[in-house]
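Line by line, the protein sequences are chains A and B. Heads up: the first sequence begins at 1 in our numbering, then just goes up one per residue. Heads up: the second sequence begins at 1 in our numbering, then just goes up one per residue.
Calculated from the structure, these hints are not laboratory results. The beta-carbon is built from N, C-alpha and C at its ideal position, and this holds for glycine as well. Since no wrong hints were added, every one of them can be taken at face value.
Heads up, incomplete: computed chain A residues facing chain B, CB under 8 Å, no partners named:
(1) PRO214
(2) ASP220
(3) ARG226
(4) CYS227
(5) TYR230
(6) VAL245
(7) LEU246
(8) PRO249
(9) SER250
(10) THR253
(11) VAL257
Next come the chains, spelled out residue by residue.
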Amino acid sequence: MAGCVRGGAKTLLVVFALWATAITALGQGPRESARANDGSSNLPNEEQVIYRHMPDVSLKTTRQGSIFLSQLWCEKPVLVTLVFSRCAGVCSPFLRSLGEATLRIGGAGEDYYVVVLSFDPEDTAEDMQAMATTLQLHNRPGWIFGVGPPEEIQRLARASGFWFRSVNDTGQYDHPAMLMGIRQGRLVRLLVGATVEPALLRLVVHELQGEMVPSYPLPDPRVPFRCFGYDPATGRSRLDWGALVLLSPSLLTVMTVAGVFTMVRRDRKERP
Amino acid sequence: MLVSTVSGIASLTALLAAVILLVFLGLERLLGIPADPLLMKNLTFYFGHTLINVAMYQGVAIIYELFPRYTGLPWKTAKPMVIGWNAVMVLVMFAFFHHLYMDFVQPRAVQVIGQIASYSSALPAAVVTILGLLAQVYHRKVRWTLASVLMFAGTMGWAIGGTAAVIDSTIVVNFRFHNTQWVPAHFHTYLLIGLVLIVLGFTAHFTQEVSGEPERSRISKAIATLWLLGGYGFVSLFYIGGWHSVPRRYAGYPREVAEGSLYARLALMLVLPLILALLIYIWEVGKRWLAAYAAARRPS
Numbered sequence: 001m002a003g004c005v006r007g008g009a010k011t012l013l014v015v016f017a018l019w020a021t022a023i024t025a026l027g028q029g030p031r032e033s034a035r036a037n038d039g040s041s042n043l044p045n046e047e048q049v050i051y052r053h054m055p056d057v058s059l060k061t062t063r064q065g066s067i068f069l070s071q072l073w074c075e076k077p078v079l080v081t082l083v084f085s086r087c088a089g090v091c092s093p094f095l096r097s098l099g100e101a102t103l104r105i106g107g108a109g110e111d112y113y114v115v116v117l118s119f120d121p122e123d124t125a126e127d128m129q130a131m132a133t134t135l136q137l138h139n140r141p142g143w144i145f146g147v148g149p150p151e152e153i154q155r156l157a158r159a160s161g162f163w164f165r166s167v168n169d170t171g172q173y174d175h176p177a178m179l180m181g182i183r184q185g186r187l188v189r190l191l192v193g194a195t196v197e198p199a200l201l202r203l204v205v206h207e208l209q210g211e212m213v214p215s216y217p218l219p220d221p222r223v224p225f226r227c228f229g230y231d232p233a234t235g236r237s238r239l240d241w242g243a244l245v246l247l248s249p250s251l252l253t254v255m256t257v258a259g260v261f262t263m264v265r266r267d268r269k270e271r272p
Numbered sequence: 001m002l003v004s005t006v007s008g009i010a011s012l013t014a015l016l017a018a019v020i021l022l023v024f025l026g027l028e029r030l031l032g033i034p035a036d037p038l039l040m041k042n043l044t045f046y047f048g049h050t051l052i053n054v055a056m057y058q059g060v061a062i063i064y065e066l067f068p069r070y071t072g073l074p075w076k077t078a079k080p081m082v083i084g085w086n087a088v089m090v091l092v093m094f095a096f097f098h099h100l101y102m103d104f105v106q107p108r109a110v111q112v113i114g115q116i117a118s119y120s121s122a123l124p125a126a127v128v129t130i131l132g133l134l135a136q137v138y139h140r141k142v143r144w145t146l147a148s149v150l151m152f153a154g155t156m157g158w159a160i161g162g163t164a165a166v167i168d169s170t171i172v173v174n175f176r177f178h179n180t181q182w183v184p185a186h187f188h189t190y191l192l193i194g195l196v197l198i199v200l201g202f203t204a205h206f207t208q209e210v211s212g213e214p215e216r217s218r219i220s221k222a223i224a225t226l227w228l229l230g231g232y233g234f235v236s237l238f239y240i241g242g243w244h245s246v247p248r249r250y251a252g253y254p255r256e257v258a259e260g261s262l263y264a265r266l267a268l269m270l271v272l273p274l275i276l277a278l279l280i281y282i283w284e285v286g287k288r289w290l291a292a293y294a295a296a297r298r299p300s
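Sequences are here, hints too, so could you generate the full structure?
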């Protein structure tokens, strides 16, 4: 009998080990391959840099002269972006998009500064000013275009997760489009992508002003059981099937207990 | 018996919640069917909150069973007690919603249910147990031993930690206290100077009863004094940290709450008497345990 139990235990152990291996293999396989195919892994990740203290940069601008980035963020929140003036790719469309978005939400110069810095060591303050003029951003209140010492820019880039690399013989750089939201020297938000959505930028500005900005992942349509359904039109929540799942332990327990008590009572009555 | 039954039923419901949680995790991992984060969070706290309450209730069961032996006054299972504990059994299943106050996607009605259930579930257990225990010692000649002192102090620690928990389960307070050191303050109180003391008291009682060895009063007083001094000092610094908005789970504190490091250092110093009390306790009760073991092995 003891041998039988020992044999059974061994079989159980083997089954458990196989099950655990299968779970690990099945669970990790698709995720790993998804990661490998996903180009987004190179993009700066807000989660890794959020609330970091940003290093100070001494800026050279044509309009404000020499100033420190810290002077600006001590005064009011700062939106900082890193571009280069000869960019044939994302920089100009990104700045246009940022310009549009700031116009839509307002407050630039009053509630926050927008600082556009070059990460290209060959750029001068005049190049950046020319870029601002071309994009018709030179007269915008609160917008500052400038350059900084390459090592300081490099430190800022590293601290915020931004990267750039020279593309051979083209004079161009490979880099992401990114906007940092800095409050009192601390990175509060990071927007990554060529287009700046005004609604998203408004939330960033609210957060920079110290307001609570709630966020939550949008419901995935593939989720079979959700606790609550949300109607964006009315802003109301309604119970979904997941709520029944959540209540099921309580309901099952109450039913089990009621069943046991009924059986005990019946048993007592039937006893002579 | 009553409390054990209530605890058993509550454990069953927590177990069911855990099983459902694991099924959803398995479906997501094996078949790629995503689970609703809010549902998973609800189920996690359903399981965890209920389980920690059950642990406390088992401690209370020890008090009901053993403490009357030190006062000579039986603890009767009266009707209010039965009603109170049955109410606890139902209410504890809905109190866990107070862990999700920060989840603004949870409808407000559910949050309100969480607050009401938290307040209501605390009342019957607290009123029945704490008033009952105070009635046991009030104007009575109590046989104060290491076991009875630890059990009494443990129940009071549970009451203090429970009160701090109820304060934190108030929506307007939680909005400020959430993720501050107030949270570890309350659960360290009802565990470190609550449930743990009751369990240590039970072990001391059991070993003494089985071994029949006399108790050394000075050692017992030293254990209780060191534990209470260290324990209350330790949790007080958590409360002070919470009061000053020092966040929990931070490896380094930002400038605004840098005093958190000082509180942590002071708390660490107060852990020393606690450890000393634990070592003396293990030595003292361990000796009795060995004596009881030797007595049990001796041929009759």
